[in-house]
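Construct all of the structure, not just a fragment, from the sequences and the given hints.
Protein chains: 2
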Amino acid sequence: MGKLLRVNTQNKTFGFEQVPKAYAGLGGRALTSKMILDEVPATCHPLGKANKLIFAPGIMSGSPAADSGRLSAGAKSPLTGGIKESNAGGLVSQKLAKLGITALVLEDKPQTEGYSIIVINKDGVEILDAGHLAGKGNYEVMENLWQKYGKSVGVLSIGQAGEQCLKGASIQQADMNGRPGRAHGRGGLGAVMGAKRIKAIVVDDKGAGRLAIKDPDAFKAANKKWVDMLRKHPVTGQGLPALGTAVLVNVINEAGTLPTKNFRSGRFEHAQDISGEKMAQNIEQRGGITTEPCHPGCVIRCSNVYHDKKGKYLTSGFEYETIWAFGAHTTIRELDDIAMLDRMCDDFGLDTIEMGVAIGIAMEGGMIPWGDGKAAIDLLSKVGTAAPEGKIIGNGALFTGDALGVDRVPVVKKQAFPAYDPRACKGVGVTYATTPMGADHTAGYGVTANILGVGGTIDPLKKEGNVELSQGLQIATAAIDAAGLCLFVAFAVLDNEDGLPTIVEMINAQHGLSLTPDDVLELGKSILNNENEFNKKAGFTQADDQLPEMFNETFPPHNTKWDFSSEELSKTLSF
Amino acid sequence: MGKLLRVNTQNKTFGFEQVPKAYAGLGGRALTSKMILDEVPATCHPLGKANKLIFAPGIMSGSPAADSGRLSAGAKSPLTGGIKESNAGGLVSQKLAKLGITALVLEDKPQTEGYSIIVINKDGVEILDAGHLAGKGNYEVMENLWQKYGKSVGVLSIGQAGEQCLKGASIQQADMNGRPGRAHGRGGLGAVMGAKRIKAIVVDDKGAGRLAIKDPDAFKAANKKWVDMLRKHPVTGQGLPALGTAVLVNVINEAGTLPTKNFRSGRFEHAQDISGEKMAQNIEQRGGITTEPCHPGCVIRCSNVYHDKKGKYLTSGFEYETIWAFGAHTTIRELDDIAMLDRMCDDFGLDTIEMGVAIGIAMEGGMIPWGDGKAAIDLLSKVGTAAPEGKIIGNGALFTGDALGVDRVPVVKKQAFPAYDPRACKGVGVTYATTPMGADHTAGYGVTANILGVGGTIDPLKKEGNVELSQGLQIATAAIDAAGLCLFVAFAVLDNEDGLPTIVEMINAQHGLSLTPDDVLELGKSILNNENEFNKKAGFTQADDQLPEMFNETFPPHNTKWDFSSEELSKTLSF
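Listed in order, the protein sequences are those of chains A and B. Following my numbering, the numbering of the first sequence begins with 6 at its first residue and continues without gaps. Following my numbering, the numbering of the second sequence begins with 6 at its first residue and continues without gaps.
Think of the hints as simulated: they come from the structure by calculation, not from any bench. None of the values given here were measured: they were computed from a predicted structure. There's no promise every hint is true.
You can't tell identical chains apart in this list, so a pair holds if it fits in one copy or across any two.
[Said to hold, decoys possible] Computed cross-link-like contacts, DSS-like style, restricted to lysine-lysine with a CA-CA straight-line distance of at most 25 angstroms:
{"#": "1", "residue 1": "17", "residue 2": "153"}
{"#": "2", "residue 1": "156", "residue 2": "141"}
{"#": "3", "residue 1": "266", "residue 2": "114"}
{"#": "4", "residue 1": "542", "residue 2": "576"}
This is the structure in structure tokens:
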């Protein structure tokens with residue numbers, strides 16, 4: 006059984022402790038959410054000393070199970086004011102697990118200036134002065150730390166946005182090339198790390214050995230089935246490896262639910278220019294990599310490396326949501342400008358969804374012209390300089406709307422909408438409204454049955470079946486996030502009745518348990534209940550489970566509206 | 006019986022209607038809060054078309070009753086997200102009443118650019134293009150409108166802050182000299198007026214005649230008692246007329262509850278430099294006026310006119326809360342700098358409390374140095390230029406704190422604290438926590454029994470009796486705000502058992518009613534219940550009825566902490 010590692014950021018001390026009974030068997034989102042509910046006062050200031058920033062590998066992380074290397078980060082969110090779990094790939098999750106660390110907990114906050122770096126390896130923990138890395142972007146930080154600690158260590162770091170405690174600040178993870186291509190993006194967790202003045206965390210598992218598996222043969226057999234399942238499904242075996250998540254641009258545009266010009270239409274006339282096909286073509290012509298894993302053991306490989314016109318590295322982990330937010334939402338049609346904006350977000354440490362939506366709101370408020378990629382780059386660059394424009398944009402879409410007096414701002418629980426309009430993809434709309442996370446597609450990706458024909462078919466334009474769809478997906482997603490699995494495994498799992506049982510077989514073999522699929526779904530429910538309990542204590546009510554008024558507008562081309570009552574929505578997470 | 010005047014700001018149309026039964030007999034805060042509860046969807050965007058901005062004279066306004074000329078402005082607040090009533094003196098309340106207008110209701114919002122001016126007189130209503138007044142400050146607007154419509158018309162107007170829809174934006178009223186010295190300051194109602202693109206409202210009662218009084222003799226007799234009562238009380242008859250509200254600087258500093266340097270101490274070492282005594286000395290030496298009414302018929306006359314060193318007009322309505330916010334809170338000690346900041350707030354149309362606290366937070370966040378009056382003037386001037394710094398400061402204390410990553414921000418329901426520390430003046434602390442308005446001293450001024458020995462004595466440092474004190478004051482205040490009386494009459498009323506009965510005599514004589522004092526207190530309760538019902542629908546919970554964590558810090562010189570539990574506070578408005 007692993008240990009909790011608690012770091013007091015005020016005293017610069019740390020301690021290991023046995024995982025207490027209340028947290029036994031939990032991992033990933035199940036553990037971060039339970040700990041925040043139990044240990045963080047719900048009405049505290051997110052940047053105050055009472056908040057905690059918790060990193061937890063999934064229950065399966067560190068094992069050889071395919072796609073099990075996701076790390077959960079949790080805290081009270083500076084963006085939403087509610088509970089937050091934001092998970093990402095990278096190298097940290099598997100390494101923490103191999104070091105026997107069930108969770109890393111950052112507590113308290115310093116009263117003095119100056120940043121620290123936490124270095125964790127098999128010999129223990131060091132809390133070092135960040136020195137010249139303070140004030141630097143994530144590219145420089147990660148390059149420096151790989152130079153110093155070896156070119157395979159896991160790194161979590163914040164850029165200028167986190168140091169400024171902006172609500173849009175992410176925590177970036179080093180990808181397999183040591184670049185900040187992976188992000189704990191949503192909810193401003195980088196600001197919590199910044200408030201605690203931790204610039205970076207290095208995790209090195211050298212000498213830690215393999216993770217113990219209780220029943221290696223059973224595990225191996227189940228994992229083989231698992232890999233086959235992922236490789237055979239058209240989405241996880243073909244679509245995502247070929248074009249990355251950007252495969253969705255044309256699909257969602259065709260479906261008429263690609264939010265364009267701040268959610269005024271579901272079709273972007275220049276969708277081709279920012280499509281996955283266009284991206285793949287550029288990569289092929291310029292060099293770069295079309296398919297790459299975000300962590301060792303990933304067989305889906307939806308990540309990529311994108312070069313500029315001169316064939317020089319520009320960005321990596323260039324994804325659909327980013328392309329939509331900076332593209333269709335703002336009507337910017339130059340893919341290279343969007344790639345530059347993505348790179349800047351990775352470097353400053355910013356959530357690309359929140360920033361893209363905020364840039365669109367800045368356009369709505371007349372700060373810069375619609376569709377002007379160069380103006381967007383110039384505006385976003387202010388975050389790196391601590392100029393007041395950066396303080397506005399860097400604090401996200403709602404903050405930018407409030408600064409500019411804009412009343413059409415697509416947020417739920419103050420978090421910006423992702424890349425699917427809730428009026429023409431109602432299953433994901435129900436998720437936006439009801440997930441404890443604030444508007445978040447990953448919390449219950451109704452796009453599956455609404456648009457992609459995965460896990461059945463539910464009409465995206467009608468209400469019928471979409472509350473149930475969102476409910477099922479939110480429960481399953483919470484469990485997947487607890488396992489440390491990549492959410493994209495859900496495509497295969499939803500279309501294969503052996504999916505969930507295979508996951509359970511692997512968990513049982515790894516930990517010597519005898520769980521059933523129902524136990525895992527119960528875990529999913531308990532996570533959601535814990536999260537909603539925290540939010541309730543923090544002051545959330547049904548009034549927070551609604552979409553903004555702008556979604557009462559008729560949405561072309563399908564000319565549908567958002568039409569769920571508060572009562573209908575309230576059934577989603579009642580169990 | 007009067008009429009409602011509804012103006013559709015989108016179509017530029019208006020209509021009069023009989024006061025419906027549900028609103029019969031209501032006025033001032035009782036009417037604005039009831040109408041907002043009934044007519045405004047609680048979860049709407051405050052700057053959207055569903056919000057309404059309502060102006061209502063008090064039940065006694067327009068009559069000769071001393072100090073009865075206060076106007077209530079109500080809406081869903083852009084600052085707090087809850088219901089808001091903000092009341093002010095000036096000329097409008099009495100004139101609307103004399104024109105038979107029980108409430109003026111601004112509805113909908115324009116989709117196009119350009120501002121309008123509404124002109125109301127005995128012949129009807131005109132909605133005119135604001136022309137060259139758009140973009141101007143309140144000084145120029147009011148001077149222009151007095152030139153055009155006569156030097157005694159009532160004017161409500163917004164400056165650059167309201168046009169930018171900033172959360173700190175006020176609606177200013179012309180004082181008796183046609184200057185913007187009176188403010189509907191709190192809660193950002195100027196932003197609602199700006200969203201509806203109404204630059205100013207002119208109210209001219211020429212030819213309207215006197216307000217009908219049902220029983221003139223009874224009214225006259227009661228009003229004589231009333232005037233005597235106000236003149237004989239040491240606060241309303243001597244303290245306020247002599248030094249204005251700034252008389253409090255030395256009193257509250259001496260009591261050790263003058264919040265200094267963002268609520269770190271209750272004593273400001275330079276309090277003398279910003280005291281009422283110092284102000285009176287300056288006025289005497291430079292010219293200016295030490296005592297002036299804010300509306301005809303005021304016998305307290307706590308307003309003033311303050312000149313600069315050269316004897317030139319600088320500002321008017323220069324009050325204690327303003328001096329504290331820009332002074333002790335920020336540690337600025339130059340009274341002339343504070344007077345300039347006050348003038349800028351009146352001109353741009355900003356709440357001085359919210360701005361003073363925001364400037365202090367900007368100092369806390371390192372944007373400008375502590376105590377630097379010139380830097381504060383420079384920073385506040387940005388609001389007039391629409392520069393991004395102005396968008397930050399102009400949106401208030403919490404917004405500024407969020408922009409700068411500051412976690413010590415004194416707000417409740419997102420509204421900045423006034424000039425009394427809740428740890429050493431616990432009666433007002435209970436009001437800050439529990440009033441539906443957000444931190445607001447005027448909603449239940451516990452300073453009376455806590456510090457001033459008015460209406461009894463309750464220890465300001467202990468919990469005992471302070472919930473009850475706040476409850477009684479909140480009920481009485483709501484009734485006073487409904488009557489259209491100045492809140493300062495409470496000093497006399499609390500110390501005189503004939504106080505409330507005399508008010509009731511006047512109301513009965515004016516309207517031909519036979520109310521009892523209990524009826525008036527029941528009205529107060531019903532107002533608070535309506536307001537809390539709106540807030541509950543808007544998503545407020547007990548978590549919103551708490552002070553921020555910073556008030557757990559020990560507060561010198563009395564070394565007390567804030568120590569009320571949520572349960573104790575919840576009793577305040579339970580009736």
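Do the hints match the structure? See the list:
1. Within a single copy, residue 17 and residue 153 get their C-alpha atoms as close as 21 angstroms, which meets the 25 angstroms cut-off; across copies the closest is 68 angstroms, which misses it.
2. Taking the shortest alpha-carbon separations for residue 156 and residue 141, only the intra-copy value of 20 angstroms comes in at or below 25 angstroms, while the best inter-copy value is 60 angstroms.
3. For a Cα distance limit of 25 angstroms, the shortest separation of residue 266 from residue 114 across copies, 21 angstroms, qualifies, whereas the shortest one inside one copy, 40 angstroms, does not.
4. Taking the closest pair of Cα atoms, residue 542 and residue 576 come within 25 angstroms of each other both inside a single copy (20 angstroms) and across two copies (19 angstroms).
Violation of the numbered hints given earlier is absent; every hint is satisfied by the structure.
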